[in-house]
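Number of protein chains: 2
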Amino acid sequence: MQRQIPEVVVSRLPMYLRALALLKSEGVEFISSKGLGDRLRMTPAQIRKDLSFFGKFGRQGRGYNVGRLRSELQQILGLDKNWLMALVGVGRLGRAILDYKGFAPEGFKIVAAFESEPDLIGKTVSGVQIEDIADLETSLKDKKIDIAIVAVPSSDAQVVIDKLIKSGIRAILNYAPICVRVPRGVRLQAIDPVLALQSMTFYLKRD
Amino acid sequence: MQRQIPEVVVSRLPMYLRALALLKSEGVEFISSKGLGDRLRMTPAQIRKDLSFFGKFGRQGRGYNVGRLRSELQQILGLDKNWLMALVGVGRLGRAILDYKGFAPEGFKIVAAFESEPDLIGKTVSGVQIEDIADLETSLKDKKIDIAIVAVPSSDAQVVIDKLIKSGIRAILNYAPICVRVPRGVRLQAIDPVLALQSMTFYLKRD
DNA sequence: CCTTGTGAACGCATTCACAGCA
DNA sequence: TGCTGTGAATGCGTTCACAAGG
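Chains P and X, in that order, give the protein sequences. No gaps in the numbering here: position 65 of the first sequence is 68 in our numbering, and each next residue is one more. No gaps in the numbering here: position 21 of the second sequence is 24 in our numbering, and each next residue is one more.
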């Protein structure tokens, strides 16, 4: 049905969605590819080309209906439902993630958390009861978890990720600063501020 | 002097560095581009081509000396010195960032923090005394800050970033989930887990 | 045999430019 | 006129393939 969409195109759709949400809150009804491009610092052609992979959403002479395009993109990205997530690793970083208020409004709910540290198991943090990591596989399936967040020490990350994959998880948000391997078919996104810093310094150092 | 290096090449160097650090800790002395590529899931040709932008670091028949290549890359990226960072926004997220233990070992030190909330100003969090955001410009210059970390609410992020740039900051790590504009010459890296999640769901939804 | 370093070939993403339509 | 949607053209990053060296 849909041709092969370049990954880089998919990765830009959430940005469009953000801009559209803002436009909607400003009461803007129609936006041209040029208008969107100005806000996002992109060329209008790129936006039109990206959207054209998925259909025709615009009106000549007018541009795109903000509300309509927004709900189209939400549907395309699968954001018209709630996604259930599990956190693995409830240390310092894990607790900050559990506490983070930015996921829920976008439809991402953390409904399970796992730890190996016995003192933490059974406790409730930010409304989520911490389970034994030994129960990972059964609990993930019981709770129909879609996405896993990995916040364990680097040394444990690969093992944890292998377990997650064996449990059927196909999307992982990894906070461990390590290069992990996943088989084809499993999506992995890394959140790695140190990597981001280390590539900025290259441009800073020329003084 | 050095030709224009593609940004995507620069962004891969920190990954090479990571792999090399691990290899060194394993006691490996020489590694071929093939060996590195296997670990990083990349083609050997890409690694050789990337490195060739900066010089000739390998030995035919042997590969690369792990320690040597590591220190070359550190130098290229400007990681042979400590970088001073300031945090703006000491809310929930900001405190987690101040608390994060991953920056210091890589030479990134948070030595200043700023807030607008009066109750927080003057307090010390994770060893850093919180200053009034009104003093941003002078304090950044006094302390010779190189990099700013932005962890304020989205609604304030653009204003804060404009101030930072006016204060002479040329590299920003932005945690606010918003599309901000920076002039050419200023590096901006965004840490945005929601964006990462939203592009994974595209691939999950086909069931 | 093993490797690197690199010009050339390739393929893919971005941009151009224009037909088509309001 | 203003703007979309899209094939064609461009530009750029990746991969190939091989000379050169150990």
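I should point out that these hints are in silico values taken from the structure, not numbers from a laboratory. Honestly, I wouldn't trust all of these hints.
Which copy? The list can't say, so a pair holds if one copy fits it or any two copies do.
[As the list claims (entries may be wrong)] Computed cross-link-like contacts, PhoX-like style, restricted to lysine-lysine with a CA-CA straight-line distance of at most 20 Å:
hint, residue 1, residue 2
1, K27, K144
2, K37, K208
3, K208, K146
4, K208, K147
Hint check:
1. Neither within a single protomer nor between protomers do K27 and K144 lie at most 20 Å apart by alpha-carbon distance, with minima of 38 Å and 39 Å respectively.
2. Within a single copy, K37 and K208 get their C-alpha atoms no closer than 35 Å, and across copies no closer than 30 Å, so neither meets the 20 Å cut-off.
3. For the identical chains of this complex, K208 and K146 are inter-copy neighbours only, at 17 Å across copies versus 49 Å inside a copy, given an alpha-carbon limit of 20 Å.
4. Proximity of K208 to K147 under the C-alpha cut-off of 20 Å is restricted to the inter-copy arrangement: shortest distance 14 Å between copies versus 48 Å within a copy.
Hint compliance for this structure: hints 1, 2 are not met, and every other hint is.
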